[in-house]
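**Student:** These protein sequences, in sequence, are chains A and B. Quick note on numbering: the numbering used here labels position 427 of the first sequence as 427, and the sequence is numbered without any gaps. Just remember that the numbering used here sits 1000 ahead of the position in the second sequence, which is counted from 1.
Please note that a few of the clues may not be correct.
Here are the simulated lysine to any residue pairs, SDA-like style, with alpha carbons at most 20 Å apart [claimed, not checked]:
id : chain 1 : residue 1 : chain 2 : residue 2
1  : B       : LYS1311   : A       : GLY74
2  : A       : LYS248    : A       : ASP451
3  : B       : LYS1311   : A       : LYS149
4  : B       : LYS1311   : B       : ALA1017
5  : A       : LYS221    : A       : VAL63
6  : A       : LYS202    : A       : GLY12
7  : A       : LYS202    : A       : ALA184
8  : A       : LYS256    : A       : ARG283
9  : B       : LYS1249   : B       : LEU1086
10 : B       : LYS1311   : A       : LYS202
11 : B       : LYS1249   : B       : PHE1260
12 : B       : LYS1311   : A       : GLN89
13 : A       : LYS256    : A       : GLY485
14 : B       : LYS1311   : A       : ALA81
15 : B       : LYS1311   : A       : ALA172
16 : A       : LYS202    : A       : ALA172
17 : A       : LYS256    : A       : GLY320
18 : A       : LYS149    : A       : VAL63
19 : A       : LYS256    : A       : GLN89
20 : A       : LYS123    : A       : ASP138
21 : B       : LYS1311   : A       : PHE17
22 : A       : LYS423    : A       : ALA172
23 : B       : LYS1311   : A       : HIS90
24 : A       : LYS377    : A       : ARG364
25 : B       : LYS1311   : A       : LYS221
26 : A       : LYS202    : A       : HIS90
27 : B       : LYS1311   : A       : ALA184
28 : A       : LYS202    : A       : LYS377
29 : A       : LYS423    : A       : ALA184
30 : A       : LYS256    : A       : MET21
Just a few of them, taken from the derived set where beta-carbon distance is under 10 Å, the chain A residues facing chain B [what the hints assert, rightly or not]:
id : residue
31 : PRO76
32 : LEU97
33 : GLU108
34 : PHE373
35 : LEU374
No wet-lab data here; the hints were simulated from the structure. Beta carbons are placed, not taken as given, at the ideal position from N, Cα and C, and that holds for glycine.
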Amino acid sequence: MQDNQIVLSLEGITKRFGALMANDQLDLTLRSGEILALLGENGAGKTTLMNILFGHYVQDEGVVRVAGKVLPPGSPGAALAAGVGMVHQHFALAENLTGFDNIRLGTEPLMRLGSSRAAARRKVEQIMGESGLEVDLDRRVAALTVGEKQRVEILKALYRNVRVLILDEPTAVLTPQEAEGLFAVLRRLAANGLGVIFISHKLGEVLAVSHRILVLRGGRKAGELVTAQADRRAIADLMVGKSVAELKRTAPEPGKTLVEFRDVSLMRGVARAPLVHANFTLRAGEIVGVAGVSGNGQAAIAALLSGLALPSSGQVLLDGAPVTSADPRALVTAGVARMPEDRQHDGVVGTMSVADNIAIEEVRRRPFARMGFLNRKAMRQRALDAIAAYDIRCPGPDAEARLLSGGNVQKLILARVLEREPKIILANQPTRGLDVGAQAEVHRRIIAARDRGAAVLVISEDLDELFALADRFLVVHAGEVTDAGPSTALDRSTVGLLMAGHINTAAPAIPA
Amino acid sequence: MDVLFDIFGSANFWAAAVRIATPLIFGVLGALLCERAGVLNLGIEGIFVAGAMAGWIAVWLGAGLWGGVLVAALAGAVFGLLHAMLTVILGLSQHVSGIGITLLATSLSYFTYRTALPSVTSPPRITPFQPIAIPGLSDLPLIGPALFAQTPLTWLAFALVAVIALLLYRTPLGLAIRAVGDNPAAVEAQGLSVQGLRIGAVVAGSALMALGGAFLTLSAFDAFFFGMVNGRGWICIALVVFASWQPGKALLGALLFGAFDAFQIRLQAEIGQVVPGQVFLMLPYLLSILALVLVARRADYPRALLQPWFKGQRH
């Protein structure tokens, strides 16, 4: 670290969205050469705060000072001019332009005839050399990988000689290796005197890259600590606001068979990868985990159990009765609850309200339908109850579902499907992308449903999640399903071998 | 075969093709500018009528031909501003607003005409732009009359193709216009005004469209008639897609259409006894559809076309 002067200070920032208090009297200071992590769950107000700093939103109260000078609110142009740059989570790039043109965009007076490309080019290349951010500048952004797009975003800011760089959940879209590369770049930039604000909800990377951590919760500051002295457990508690309880799980009491896959094959079609001669059962009161590397037949199992496809051969039996048509509504009526893999895309209709989305599977039945008309009052009431019971953070039942964060969308889906007390639950990647608190909540609900007597199938790529939830394991590899037995008799390496296709045919594969 | 040879061999045919293409060049450039910024302007058909009407009546009132051109452009700009207010500021449906502008501009033009000339059966004539012959070049066979004996407005149209191309690809403003039609978030994040860029593009584009209308009354004909625009605006909307939103290809598309149209008129005269005339009238449109089917599959739409943007909006 060099001179350590304060480059940025936020004082008493408050922002409301309707009834939602997104930021409540927040203060923050940043010194040059410092990497400050802004940590918090989804909906804690991190992104809102940074959008105020960058001028996308106008705060209701409070001031932003950059190098001591007050920043006029609501103007990204003013923020850039003052030396604040932002790398957006959803990249703010024009895909029809080259990386170079995206970097130049808005840096010259608009009414100029011609433009000085050569000088701009030299400057960008110099920055690339110094920072280690290598990108093919002449390719259209549409043709770049996600990692390259992010590098263009950072170059955009550096080209403007920013003193403060904000990165909003930069690693969400990166592979672990790309994330490591990004951290190296950030350390180098900070060593040269740049102030960096790093937004994240991932504890591990925050500990790895930051100097100081500011924890937000419910729009308020929950704590501030120096990374070197921070304790992982303590930070997690700060984020969630209460001690994250270890999941309690009693031994399963499996009842009758509710789902049976009898020699089921599904060739390519609905699912990317086929399923071949799958035999397994799912019983009341147990959670069965499906482990496997993505694309080994999970999508086929999910499609069959959601009513999106019929087997090419073999039979799927629900409570003893074979499924005869690919009809999602029939399966819902038969008591199947579905939590789809891509919840934002397949789980909700973004432009419809929270209330509509909660009622959507039952709109033909009472109380939501009366004599063929929708009963808006009942739908609203149900939504209000669900928002309270499932802690769905949103402005209200009339808010559009697309405005909800991932965790809250998942809670909405839980509220939709669990209220009916379904007999069978398909949970496909139930906590992918969720923060610690939301994750624990989803797990608790799933276990509660099992204890009530539901048969649950959890498909996940996260082995920790499967070991936390599943009573029994299935492992898929190349479309083949192996019954790996009860989870108590398994360890990670055994499951890992099965996932890689090492099937032990000698009796049940239960190592000592 | 002789018939075809006669047609394509006549300088008259090529001159007509360029003449028919001229209003389309103005229109397609205008539509292209609007759409590059992310705004579909279906007001084009009505703005053509308004330009034709305003330009002609200004000249009739004694404004001079170039004065008429200016008045037409202003009339187009006013309707463009209205469209921009509705679609860019208020974020209303671009389709609905555009159709509304077309109906409004057309009716207002007819209304003005009737109010100004309550009792005439045929409109008063003005003296339109005359072809400028360029000594030497105009005497070349075939292309001489086609390219070098046109009126000043045709020259202007050709010049504007180059101007728009330079604007889009060689200036900071053009870079911003191309970006705002693809991802307004990128433009806002670089400190530029999404609304300002879009309003400017729609107003300027609409002024260009009106010049297409003015060409009809001030150059191709010498008076204003009801129904004289006759779908030219809609053709421009199709030509933009054909042109993949590029000025050079837009010029090519307009000239192709002009050639088809000039061809069908002559073919009609030659073998109109055998085949009903309506078939020939259909020809340019059928060919446009065919061209669109071939091209549109690969069309690279501006990604933000039709999408309103509000400041501070989240994805």
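**Student:** Hints first: check each against the structure and report whether it holds.
**Tutor:** A quick look at each hint next to the structure:
no.: 1; hint: B/LYS1311 <-> A/GLY74; in the structure: holds (9 Å)
no.: 2; hint: A/LYS248 <-> A/ASP451; in the structure: holds (12 Å)
no.: 3; hint: B/LYS1311 <-> A/LYS149; in the structure: violated (23 Å)
no.: 4; hint: B/LYS1311 <-> B/ALA1017; in the structure: violated (45 Å)
no.: 5; hint: A/LYS221 <-> A/VAL63; in the structure: holds (17 Å)
no.: 6; hint: A/LYS202 <-> A/GLY12; in the structure: violated (26 Å)
no.: 7; hint: A/LYS202 <-> A/ALA184; in the structure: holds (17 Å)
no.: 8; hint: A/LYS256 <-> A/ARG283; in the structure: holds (5 Å)
no.: 9; hint: B/LYS1249 <-> B/LEU1086; in the structure: violated (30 Å)
no.: 10; hint: B/LYS1311 <-> A/LYS202; in the structure: violated (30 Å)
no.: 11; hint: B/LYS1249 <-> B/PHE1260; in the structure: holds (16 Å)
no.: 12; hint: B/LYS1311 <-> A/GLN89; in the structure: holds (17 Å)
no.: 13; hint: A/LYS256 <-> A/GLY485; in the structure: holds (17 Å)
no.: 14; hint: B/LYS1311 <-> A/ALA81; in the structure: holds (19 Å)
no.: 15; hint: B/LYS1311 <-> A/ALA172; in the structure: violated (25 Å)
no.: 16; hint: A/LYS202 <-> A/ALA172; in the structure: holds (9 Å)
no.: 17; hint: A/LYS256 <-> A/GLY320; in the structure: holds (10 Å)
no.: 18; hint: A/LYS149 <-> A/VAL63; in the structure: violated (32 Å)
no.: 19; hint: A/LYS256 <-> A/GLN89; in the structure: violated (47 Å)
no.: 20; hint: A/LYS123 <-> A/ASP138; in the structure: holds (15 Å)
no.: 21; hint: B/LYS1311 <-> A/PHE17; in the structure: holds (15 Å)
no.: 22; hint: A/LYS423 <-> A/ALA172; in the structure: violated (34 Å)
no.: 23; hint: B/LYS1311 <-> A/HIS90; in the structure: holds (16 Å)
no.: 24; hint: A/LYS377 <-> A/ARG364; in the structure: holds (15 Å)
no.: 25; hint: B/LYS1311 <-> A/LYS221; in the structure: violated (27 Å)
no.: 26; hint: A/LYS202 <-> A/HIS90; in the structure: holds (18 Å)
no.: 27; hint: B/LYS1311 <-> A/ALA184; in the structure: violated (34 Å)
no.: 28; hint: A/LYS202 <-> A/LYS377; in the structure: violated (40 Å)
no.: 29; hint: A/LYS423 <-> A/ALA184; in the structure: violated (50 Å)
no.: 30; hint: A/LYS256 <-> A/MET21; in the structure: violated (48 Å)
no.: 31; hint: PRO76; in the structure: holds (5 Å)
no.: 32; hint: LEU97; in the structure: holds (6 Å)
no.: 33; hint: GLU108; in the structure: holds (4 Å)
no.: 34; hint: PHE373; in the structure: violated (28 Å)
no.: 35; hint: LEU374; in the structure: violated (25 Å)
This entry does not satisfy hints 3, 4, 6, 9, 10, 15, 18, 19, 22, 25, 27, 28, 29, 30, 34 and 35, going by the numbered hints stated previously.
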